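**Q** Sequence:
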Amino acid sequence: ALRSRGIPVADSQTNFVYTNFGARSGTITEGLLKAGYIVRPVLPDGWLRITAGGPEENEGVVGALDGLL
2 ALRSRGIPVA
12 DSQTNFVYTN
22 FGARSGTITE
32 GLLKAGYIVR
42 PVLPDGWLRI
52 TAGGPEENEG
62 VVGALDGLL
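2 is the number of the first residue of the sequence shown in our numbering; add one for each residue after it.
Rather than coming from a laboratory, the hints here were simulated on the basis of the structure.
None of these values were measured; they are calculated from a predicted model.
Glycine residues also receive a C-beta, built at the ideal position from the N, C-alpha and C atoms.
Take these hints with a grain of salt, some might be off.
Cβ-Cβ distance ranges computed for the label pairs, FRET-style [claimed, not checked]: (1) GLY55 to ALA24: 28 to 36 angstroms; (2) PRO45 to ARG4: 13 to 21 angstroms; (3) GLU31 to GLU58: 13 to 21 angstroms; (4) ASP67 to PHE17: 17 to 25 angstroms; (5) GLU60 to GLN14: 13 to 21 angstroms; (6) ASN21 to ASN59: 15 to 23 angstroms.
Could you put together the complete structure from these sequences and hints?
**A** Following this line, the structure appears as structure tokens:
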């Protein structure tokens, strides 16, 4: 879902994704935290680790990102 929105995502088979928001990463982090999601900045700069487990949480993260972008 994130890639279809043009958001770079590292391959993963875990309950989190690494995404690159560049200069927008601070705004995205703040917005996702306010929405109740676990997110933290990681290296390299601009990349975030967003934790999402089940389908409902995944859809919530995508919806929150849509609102922030």
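**Q** Each of the hints needs a verdict: does it hold here or not?
**A** Verification of the supplied hints:
The given range of 28 to 36 angstroms is respected by GLY55 and ALA24, whose C-beta atoms sit roughly 31 angstroms from each other. Restraint check, PRO45 to ARG4: a C-beta distance of roughly 19 angstroms satisfies the suggested window 13 to 21 angstroms. Distance hint check: the CB atoms of GLU31 and GLU58 are about 19 angstroms apart, consistent with the given range 13 to 21 angstroms. Range check, ASP67 to PHE17: about 19 angstroms between beta-carbon atoms, so the 17 to 25 angstroms window is met.
The supplied range of 13 to 21 angstroms is met by GLU60 and GLN14, whose beta-carbon atoms lie about 19 angstroms from each other. At about 18 angstroms, the beta-carbon gap between ASN21 and ASN59 stays in the expected band of 15 to 23 angstroms.
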